[in-house]
Amino acid sequence: MKAKEQWIEETLGSLDGIRGAKASSALVSNLESMTEMPGFGSCTLRPALYWPAAAALALLLAMNILVFTNYHRSTGQPKEPTEILAEDYLSYLGPIKL
Amino acid sequence: MSEQIVIGELRTGNAAAFRKLVAVYSDRVYNTALGLVQNSGDAEDLSQEVFLEIFKSLPRFREESSLSTWIYRITVRKSLEHIRTARRKKRSGLVFSLFGKENLLKDTTEQPFYHPGIQLENKERAAILFNAMAKLPVNQRSAFTLHKVEGLSHPEIAAIMETSVSSIESLIFRARKKLQDLLSDYYEKNEH
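Chains A and B, in that order, give the protein sequences. Here the first sequence stands for residues 1 to 98, numbered as in my numbering. Here the second sequence stands for residues 1001 to 1192, numbered as in my numbering.
Source of the hints: derived by calculation from the structure; they are not laboratory data. Positions of the beta carbon are idealized from the N, C-alpha and C atoms, including for glycine.
To list a few chain A residues with every Cβ distance to chain B over 12 Å, as calculated:
1. 51
2. 55
3. 56
4. 67
5. 81
6. 85
7. 86
8. 87
Quick list of the computed label-pair ranges, beta carbon to beta carbon:
9. B:1011 to A:33: 16 to 24 Å
10. A:36 to B:1090: 35 to 43 Å
11. A:80 to B:1056: 41 to 49 Å
12. B:1090 to A:60: 54 to 62 Å
13. B:1085 to A:64: 49 to 57 Å
14. A:62 to B:1139: 49 to 57 Å
15. A:62 to B:1085: 45 to 53 Å
16. B:1066 to A:81: 54 to 62 Å
17. B:1169 to A:36: 42 to 50 Å
18. B:1008 to A:60: 23 to 31 Å
19. B:1081 to A:38: 23 to 31 Å
Bound conformation, chain A alone (with noise of 0.2 Å):
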């Protein structure tokens, strides 16, 4: 009995003054490569600012339609289909003077 306990102690230590086991070089090579893939480096945006960023864009949108309607009806130029279609829509804003 005391063989046996002894044989499961020494195997139960035989990971002391394990050493960690080194990533080989392709490895490391192709996760340094990762940075090559499409879309690396793009702007990351966090979820809690989707919402405020998709805002911000409808915002900068809607402003761009008014001061290409404002300025088509200021030269007098016949109107587009959709400077009609944007009017109508934004009509609800007021006037609103830029």
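Using the hints provided, position chain B relative to the given structure of chain A.
Below, chain B alone, put in the same frame as chain A:
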């Protein structure tokens, strides 16, 4: 460079910062995966999956834990997913074999695993121990491997496994007890 600066650089997609991350963590990720899955090819594949996950999940990293804890956590999770998938495949292979279909999946847990970092005089005993570790429940296996193979302290392991230090102490104690039983059976069959 402070951790916050590194995380900030990584979030902007700074390639140099990512390469620095690889230089610092590739050995730790590989060694942890290797200790858990006990196969160098699988450990390499898992290491790539881990770094891909790091790259994709950085926007969601809330910095509630340290960067190293977070990376270890991803490594352990990916390794355990691999182990569970392998066990499921093994079980379905056994079912097929009952119906006369040859079980083409070799039981890799029975193949001796020689960790490259083991001292020469301990290689054979360590292979027997790793074989027994493969039979532990996954939480015991994780805690025991992180402690004995990766050399992490109980508080570090508790942070990685998102549990208390006392739970880790209990897991390692139970793992050791289970290993003693497994080694006892092995001794009776092979060494006696």
